[in-house]
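Residue numbers (the working numbering), protein chains in the order written: chain A, 1 to 300; chain B, 1 to 451.
Read the hints as simulated data drawn from the structure, not as lab findings. In this text the structure is predicted, and so the values were computed from the model without any measurement. Misleading hints may appear alongside valid ones.
What the hints assert, rightly or not - Incomplete in silico selection of chain A near chain B, CB under 8 Å:
| id | residue |
| --- | --- |
| 1 | Pro48 |
| 2 | Phe60 |
| 3 | Pro112 |
| 4 | Ser113 |
| 5 | Val128 |
| 6 | Phe258 |
What the hints assert, rightly or not - DMTMM-like, lysine to aspartate or glutamate: derived pairs with alpha carbons at most 25 Å apart:
| id | chain 1 | residue 1 | chain 2 | residue 2 |
| --- | --- | --- | --- | --- |
| 7 | B | Lys103 | A | Glu239 |
| 8 | B | Lys415 | B | Glu129 |
| 9 | B | Lys231 | B | Asp198 |
| 10 | B | Lys448 | A | Glu46 |
The C-beta atom is built at its ideal place from N, Cα and C for all residues, glycine as well.
If you want the building blocks of each chain, they are given just below.
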Amino acid sequence: MKRLLEHDNVVGYVYLSPFILGFLIFTLYPILSSFYYSFTGYNLMESPNWIGLENYRTMFLDDEKLIKSLKVTFTYVFASVPLRLGFALFVALLLYRTVSGAGFYRAAYYLPSLIGGSVAVSIMWIQVFGDQGLVNAMLGLIGIHTSMSWIGNPSTSLGTLIALSVWQFGSSMLIFLAGLKNIPQTYYEAASVDGANRFQRFFKVTIPLLSPIMLFNLIMQTISAFMTFTPAYVITRGEGGPLDTTLLYSLYLFRRAFTFFQMGYASAMAWVMLLIIGLITFILFKTSVYWVHYESKGEK
Amino acid sequence: MRRFAFVLALMLLLLAAFGCGGNEPGSSSGPSANTDTGTPASPAPGGNGNGSGNQENITLRFAWWGGQSRHDYTLKMIEMYEKQHPHVKIEPEYAGFDDYWKKLVPQAAANDLPDVIQMSVAYVTEFAERGQLVDLAEYMEQGLLDKSSIPDSYLEIGRHDGKQYQITLGVNALAVIADPQMIEDAGGTVPTEQWTWDDLEELGAKLKAKGKMLTATIDHRNFLNYYLRSKGQSLFSPDGGLGYTDDGLFAEYFTRYKRMYDNGYFLSLDKFAQKKGIPEDDEMVLGNAAFSFSWSNLFVADSALAKRPLDILPPPGPDADQGLYLQSSQGLSVTQNSKHKEEAVKFVNFFINDIEANKIMLGERGVPISSKVQEAIKPLLSPESSKVVDYIARVGEMVTSGNVIDPVGGVEVIKLLNDLAEQIAYNAITPEEAAAKFRKEATAILAKNKS
């Protein structure tokens with residue numbers, strides 16, 4: 001026994017145990033419960049009753065709103081993630097070169113991503129895009145007079161959410177900056193000695209060496225975009241309107257769970273989203289071999 | 001050395017377990033009105049809140065919805081009760097209507113509902129049928145909740161399935177609040193009790209010419225039901241299904257609504273999406289519309305905010321007397337998970353029957369159901385409150401039947417209704433198609449919830 005207690009590993013496990021306990025109790029157990037609930041009808045106030053695959057069947061065959069919310073969510077992800085990463089890369093490249101005031105700009109661009117997902121900013125966003133908001137005021141300054149509410153108009157409402165997401169490009173930008181700084185100058189010098197112009201240097205040196213970081217950002221941003229909830233909830237007061245154009249998947253899940261008291265169905269929705277995100281991440285990884293260049297692995 | 005490290009680690013683990021470990025029994029209840037799984041409602045060590053003898057200090061949680069003015073005076077009433085009962089501390093939790101219910105459901109899931117909650121007919125079946133509410137009838141028998149001066153018809157309003165799940169705080173009825181000056185300025189005549197939907201549309205045209213709206217919007221849950229009732233049917237039926245058979249009526253109501261919306265008599269939906277749903281935000285209060293399609297008990301708050309004389313009218317007819325019904329503006333319920341049910345009931349009794357308390361409330365939540373209280377506050381009522389009391393009395397004379405309360409699944413059906421209404425306004429669907437769609441989907445929702 002004494003020898004057991006003095007074994008290095010045991011001490012290690014003891015140190016780990018608060019985290020492991022926390023993980024088991026607060027993460028693993030709820031995940032498994034939710035999997036169980038997805039096969040039941042559970043209205044929170046009575047105990048769950050088993051209904052097998054009924055929830056899943058309803059989801060795919062009988063629920064227009066679910067399909068609509070999937071469409072909205074996919075549109076949101078496929079629009080906001082590339083735009084966001086595009087801006088992040090672009091601004092990172094600019095800040096990489098500029099010397100004066102770069103520190104200030106870095107901080108200024110990073111700030112929105114720190115506070116962006118919060119309730120306060122979402123409330124502010126209503127003011128910015130509302131019918132008497134900042135955007136309309138500024139358009140008025142350049143002569144375009146409109147009293148449209150960008151948030152209330154079905155054709156532009158999702159756009160305001162995408163704009164909110166893109167505005168928070170700062171965190172990705174910082175990661176790109178770090179990646180850019182990691183590229184040894186010698187490569188650029190070698191390239192220009194070989195006669196490469198700016199574009200060629202960019203596409204042949206910068207992009208490949210940045211590609212692992214691009215993959216990282218792409219995957220992280222895609223996953224988090226699928227799970228967006230707070231901005232949509234606050235801006236549309238939980239309605240997902242107008243005409244369900246901002247009914248993100250997580251918002252619909254919330255409604256099923258907490259407005260209609262259908263926990264079982266909501267759990268099934270959560271697992272489907274897990275599968276979707278898992279599938280997309282898998283695809284991203286598999287296709288990454290074609291465009292991501294890892295220095296340590298050498299040339300293909 | 002290793003042993004020392006091991007012991008140290010063990011101590012840290014123990015500390016962490018106590019520090020991070022969930023709810024500690026006996027700790028005082030934390031700040032109320034949070035949405036994570038709650039701390040226990042009251043920390044009374046062993047006490048069960050008996051009224052007699054040596055009284056333990058207990059804490060009751062009380063939750064309600066409303067606008068700022070209601071919050072202010074309710075807090076005053078709470079202070080009054082605490083002074084009279086020094087061993088009771090009441091923790092208030094309040095919010096706007098939508099947010100209130102979004103908070104309450106997770107609390108119900110965690111068995112952490114406040115002891116006393118304000119209840120609405122829209123939700124009473126959902127909570128009652130899931131065992132969350134106490135049947136107040138036994139407390140009324142014991143006399144803890146004094147029903148001696150309350151007519152049974154008012155008690156009936158809070159009953160579901162024969163049990164007294166809520167006690168009505170006040171009676172109210174659908175009403176249209178009007179700005180007579182604005183109507184006259186537009187060249188119209190102020191409507192009388194006999195006005196009709198056609199009259200409303202005519203006024204709409206006149207108001208539009210002066211740049212004013214009829215109203216921000218018409219709440220479909222209430223007014224479609226009203227319209228169906230005025231034609232002898234109803235939105236829901238007592239057995240938990242839809243209560244009307246003629247889809248043509250649905251189409252008629254929405255055809256007229258669409259016509260008025262297209263003519264610009266209402267606030268456009270994109271602007272309406274930004275509204276917060278409180279009286280301060282209403283278009284009539286702000287002076288942009290002549291009417292507000294609302295409830296009688298909101299007349300007082302609206303008048304105070306609008307700062308100009310307003311009238312209260314029954315909704316347009318024909319057959320308003322068939323359409324109208326008396327209902328519980330809101331009620332109070334005691335929750336099953338309350339650890340101090342008797343004290344909670346005493347507090348409810350205070351709200352319903354205490355004359356001094358009602359002198360503060362003055363019927364803002366609806367005309368009080370106790371006749372003693374009604375008599376006592378009459379001389380104190382402002383002209384606006386008196387108008388409401390008179391209106392309710394008048395409606396009481398007119399009504400021919402009670403209203404069916406929303407069945408379980410009602411919330412989902414209403415959401416469907418509002419979605420279809422939005423689609424109609426945006427020209428995505430015709431009223432006739434919407435009528436058929438509503439019938440099909442609502443019936444499915446209600447059937448699913450009945451089983």
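Results of checking the hints against the structure:
Because the beta carbon of proline 48 of chain A sits about 12 Å from the nearest beta carbon in chain B, more than 8 Å, this interface hint is broken. The restraint placing phenylalanine 60 of chain A at the interface with chain B is violated, with a minimum CB-CB distance near 16 Å, outside the 8 Å limit. For proline 112 of chain A, the suggested interface contact is broken, since its CB lies about 22 Å from the closest CB of chain B, more than 8 Å. Given hint, serine 113 of chain A at the interface with chain B, is violated; its Cβ is 25 Å from that chain's nearest Cβ, farther than 8 Å.
Taking 8 Å as the C-beta contact cut-off toward chain B, the hint placing valine 128 of chain A at the interface is violated, the least distance being around 12 Å. For phenylalanine 258 of chain A, the suggested interface contact is upheld, since its CB lies about 5 Å from the closest CB of chain B, less than 8 Å. Proposed proximity of lysine 103 of chain B and glutamate 239 of chain A is supported: the alpha carbons are some 16 Å apart, at most 25 Å. Proximity of lysine 415 of chain B to glutamate 129 of chain B is assessed by CA-CA distance (about 20 Å); at most 25 Å being required, the pair is judged to hold.
For the hint linking lysine 231 of chain B to aspartate 198 of chain B, the alpha-carbon distance of about 16 Å falls within 25 Å, and the restraint holds. Of the supplied pair hints, the one linking lysine 448 of chain B and glutamate 46 of chain A holds, its CA atoms being roughly 16 Å apart against a limit of 25 Å.
Taken one by one, the earlier hints fail for this structure at numbers 1, 2, 3, 4, 5, listed in ascending order.
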